[in-house]
Amino acid sequence: MPQDHHIPDPKRFNVSRATLWFDRFMGWLIRCGGVAVILAVFGIFYFVGKEVVPLFRTAEVGPAGEIGAETASAVLGVDEWGGLPFIYDGGERVVFVGVEGGTRRVIEVPGLAGLKVTAYAFDAVHSRVSLGLEDGRVGSFLVGYERKYGSDGKSMVEPSVTLEPWFTLENGSGPVTAVSYGDSGAGRVIAVRRGEGAAASVSVLRLGMKRGLVGKGKLSLLEELDVTSELGAVPLLLRASQNGEMVLVACADGGVVYFLADSDGVSKRQTFRPFDSVPPQQMNFLFGGVSVILTAEDGRQEQWSLFRTDQAGERLFGATKAFPNLGEGKVIFAASQRNRTFLTGAGRELSIRHSTSGEVRWQGTLDLDPVTAVLDAKGEHFIVAAADGEARRYSIHDPHPEAGWRAFFGKVWYEGGSGPVYQWQSTGGSDDFEQKLSLIPLIFGSLKGTAYALLFSIPIALLAAVFSAAFLPLKIKRVVKPVMEIMSSLPSVVLGFLAGLWLAPVLETRVPSVMMMTLLVPLAALGIGYVWCRLPIGFRNRFAIGSEWMIVVPILVLAGWIGWSLGPVIESFLFVYKDLATGKEIADFRLWWPQTFGISFEQRNSLVLGFMMGFAVIPVIFTIAEDALSNVPKSLTAASAALGANRWQVVWTVMLPVAASGIFSALMIGFGRAVGETMIMVMATGNTPITEWNIFNGMRTLSANIAVELPEAPVGSTHYRTLFLGAVVLFAMTFVMNTIAEVLRQHLRDRNKIV
Amino acid sequence: MPVNLPLSRPDFIEVENFSFHYGEKRAIFDISMKIPENQVTALIGPSGCGKSTLLRNINRMNDLIEGVRHEGDIRIGGTSLYDPSVEVISLRKRVGMVFQKYNPFAKSIYENVIFSLRVAGRSKRSLLDETVERALKSAALWDEVKDRLHDSAFGLSGGQQQRLCIARAIANQPEILLMDEPCAALDPLATLKIEELITRLKSQYTIVIVTHNMEQATRCSDRTAFLYMGKLAEYGETVQIFENPSNPETEAYITGRFS
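The listed protein sequences correspond, in order, to chains C and L.
Every letter in the first sequence is one number past the one before it in the numbering used here, and letter 742, counting from 1, is 742.
Every letter in the second sequence is one number past the one before it in the numbering used here, and letter 216, counting from 1, is 216.
One thing to keep in mind: the hints can contain errors.
What the simulated footprint calls covered on chain C by chain L, stretch by stretch (three residues with Cβ under 8 Å from a Cβ of chain L suffice, anywhere in the stretch; the number is not a length) [claimed, not checked]: (1) 463-477; (2) 629-636; (3) 650-659.
Quick caveat, the hints were computed from the structure, so don't treat them as lab data.
For glycine and all other residues, C-beta sits at the position ideal for the given N, C-alpha and C.
Input sequences plus hints: build the corresponding full structure.
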């Protein structure tokens, strides 16, 4: 035996240093990449969270200065910046008190010297103090603020007081005991009470601007009407709306009488009783002048708004919201001039409330007994004053008063609406627009869009995948599959463009044709199958397996063409619209559908969307499902075929169960694509945030909403943050769906696992 | 066509001048042979000699492959497989097949056995139960699985799974059973059991088996065909082929000089 075995050199087994170094380097590089991905994900969460979380914060209120004044406070007003409030007590002068530095300034109201003011009220919208005199005259003065920059660069606010014309009342007698001034710029109205108790009379004055050729025009009295006889009880409170068209009079019997003062004159419209026989203690219009907040002596607080009910053709007041009880005590009230927030309280208990959501934003206790309060125009401060003239300023930090769970996900009774609804309308034409921020219509839109997209895509994609995997000859499959994959890379903006500008107008007039096609094509397919089974085997055997499509495709195309051409014929029989006015009959599906079902027909509708989304979703589902079906082991399909199963039975009994989890993944990826799809949705759906399943109208999806509105939303605004919240909701929806789907998929896979 | 004649027909399966092509590649060259009824016929030969191709043509499984074409004819009981009136589905019901790698479905043992009845639309409970018992007994599997018929087929051992596949083929009551290296994936003990089974089954079925295992061919076949390069090199009684081969290549192959 040879003994000279080769002894190996131990160094032979050493790994080269370069290899080790490279391995270590790559290890760290990959680790860095992984950590970076995790950081990026958390970064996105952080950023989105930062935008969304402030929406759910309540208001913060803190003390911001004390003001002492010797004048008894009766009316309190403030400038836009909350720095120079004024106090007026019915005398001849207005006292301005600077919060910072405590500077006092007294301005005599011009022309008021010697007159006895018996009634006054403050209108924060125009910073107007309306006045009523002992001799039966009414008028007002405006408090103006102007920001000036001194030579030292410091800015200071310069107040001014301007008296408006007086109007002498003709009706009633005695001193003016209450006055309220409503001003919309063009039309103005003044409500006046003369006398006290049972002798009191109420007049409504309608004013107008007489336009001259030059200058501002002259304010003149158009009409004065004594409405006392229409009240039915002693008038207690008067309130003219800021749009200069409405006057509300609260009476001792608990009734509130609504007068409309438009160009046709003054007329009584309605009497309503918010607290039955208890008269309201406070009655104030909210910003926008459509809603009024009524507070009873026992602290009950309700919002009444103007809306059109089904019975009444005109807009009347109705109760829309009840707020939490204020408690007992002297009720104070101040409405914001930016939004539907208002400051209210009874005694020392104060709260900031928001009328849209009906939520209490902040609640606190003061250490003085306020008799009056005012919010500055920016909504950043409020000032409360006690009877002795002592006043305090508080800062408010409440950037998103209109937000909240109820506003986003609850039914809200908006102003002007006849009931609580889910509604999305983030911007309006005017400053006093009430934001409607319900996400429900958008969530619904996303679900509707997805449902219609999948309704079209799933059957076609799955049947196509089965056909391609089990029936189509390899030669053709090699062409079909890449073509489908290219289809999925079509830019969705092109699809959306085609949908909106080409397909929608075509389908609009051919709905019956589409219906006939969807009926005839599957019927033709079933018919071919039926006839084929009954053909003699000798004939069938002449066609090679997999070449049947050469017969099927022309017949299906023919069926589609027949369906398309039959559409107008069917329309002329079945979809006949009767014009109610002329009695004429028109065969038009577009008119017939709304007449028959009472739901709308839009050009950009779910049908168009379904068709176009098919182009985006079908390739995704098809490709993955086809792969799953093609990857079913040949041994199983062969075993099944060898046992006498026909091709369909092979698919049904073997391929589908084994490929189930893969097909399920395909559906989920299709779902994800449909939910997140934006451009097609933006361009083809009409973007109407409605909650109807009607196939012939559109929807607005969360994703389309973000795309459409984000460029218009001011950064950091409630609207902006709400759009981010929409993104979070979208994420949550897909996350929940995907989690459920993954669990189901695992279950399916375990059940059909191949060892 | 007559189904069950009392006597075994010596020319039950007739292969006549049969050639087969996969696209451009010719796999079988002009084979003619007669396979007798109720006997075990083994097809042996080196890899790629065309024995599996020939076997898979007997139930036209090769039709599933694209680009194939054939010349000549195969007849079972006198009827050509390629007659225009032949329906492939019913042909496969007559000619069962067992594959090289056991391939039960992801179903219970019970459902695996009655698969062919299910696809034929038979659903009478008593018939199904009866079939399961009969097929499993024939496949010598009944005693091992009778208490867990509704468990997954994947819980069985390899040999049991292959016998389940045989039971699945038998449940269809075929006339012919094609076996494509049925023991290739099994250990010697399991192989032995399958061989015993084959011997027992030949009284009821005509069995054609492809094997690489010479001993298996001698142990359980009555006749043996040796295929070489797509041609039938030698065909006759197993005893004669193995003890006294007339073809030098046959001798070289069976004595293990090449494979």
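Each hint tested on the structure:
1. 463-477: Satisfied; 3 residues make the cut.
2. 629-636: holds (count 3)
3. 650-659: holds (count 4)
Violated hints: none; the structure is consistent with every hint.
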